[in-house]
Amino acid sequence: MSVDIVFKIAAVGILTAILHQVLTKSGREEMATMTTLAGLVVVLFMVVGLISDLFQNVRNVFQFQ
Amino acid sequence: MDILRIGALGIVAAVLSVVIRQYRPELSMQVAIALGVVVFLFLFAQLSGISSVVSALFRNADIQPEYFLTILKATGIAFITEFAAQTCKDAGEGSIAQKMEIGGKVLIVFLALPMLLSLLRQLLGLMGQG
Numbered sequence: 001m002s003v004d005i006v007f008k009i010a011a012v013g014i015l016t017a018i019l020h021q022v023l024t025k026s027g028r029e030e031m032a033t034m035t036t037l038a039g040l041v042v043v044l045f046m047v048v049g050l051i052s053d054l055f056q057n058v059r060n061v062f063q064f065q
Numbered sequence: 001m002d003i004l005r006i007g008a009l010g011i012v013a014a015v016l017s018v019v020i021r022q023y024r025p026e027l028s029m030q031v032a033i034a035l036g037v038v039v040f041l042f043l044f045a046q047l048s049g050i051s052s053v054v055s056a057l058f059r060n061a062d063i064q065p066e067y068f069l070t071i072l073k074a075t076g077i078a079f080i081t082e083f084a085a086q087t088c089k090d091a092g093e094g095s096i097a098q099k100m101e102i103g104g105k106v107l108i109v110f111l112a113l114p115m116l117l118s119l120l121r122q123l124l125g126l127m128g129q130g
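Those sequence lines, one after another, are chains C and X.
Numbering of the first sequence is given in the numbering used here, commencing with residue 1 and proceeding in unit increments.
Numbering of the second sequence is given in the numbering used here, commencing with residue 1 and proceeding in unit increments.
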């Protein structure tokens with residue numbers, strides 16, 4: 001667990017935004033929406049992993065909450 | 001120094017979050033969550049040191065150790081509730097944040113109930129003798 005996961009999530013976010021814009025401008029609306037949803041799911045998986053890590057640590061530090 | 005790293009990381013994450021919010025507001029919230037988790041994971045290493053010092057203090061003062069455990073658990077509940085509620089508020093979901101806060105309050109009262117009962121019992125015992 002280190003710092004770069006924050007940057008990874010931000011990079012995926014920016015990439016999704018760029019892809020969405022490119023696909024919308026070239027007329028492929030439905031592909032743009034699906035790309036956005038895919039990016040959202042990827043980021044959600046990363047964040048859920050992080051949150052589960054955090055709560056595991058909380059359980060350890062505050063002794064079996 | 002540690003606070004420099006935390007401060008710099010927070011500022012960078014805020015900048016990234018603002019940039020992403022223009023295009024994908026749902027993803028900017030994830031950046032904030034990720035940053036919060038990373039910072040707290042780093043702080044927990046320090047927190048367990050504090051916790052062991054306070055627990056040693058309690059042991060020297062001859063107070064029952066389960067009181068310290070209750071206080072520790074209540075702190076943990078408060079911490080998680082604050083984290084979740086603030087995240088929901090940042091995402092614009094004020095009502096969900098309020099549900100988090102209600103949950104935290106109820107759980108802390110439930111946790112503190114045995115201590116309250118034993119305190120009341122002792123008070124009543126004192127009043128009964130006096």
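Just so you know, these hints were derived from the structure itself, not from any lab.
Computed from a prediction, not measured in an experiment: that's the story for all the values here.
Where a beta carbon is used, it is the ideal one built from N, C-alpha and C, also for glycine.
Treat the hints with caution; some may be incorrect.
[Said to hold, decoys possible] Facing chain C, from chain X, some residues (calculated, C-beta under 10 Å):
1. F42
2. G76
3. I80
Checked hints:
no. : hint : in the structure
1   : F42  : holds (9 Å)
2   : G76  : holds (3 Å)
3   : I80  : holds (6 Å)
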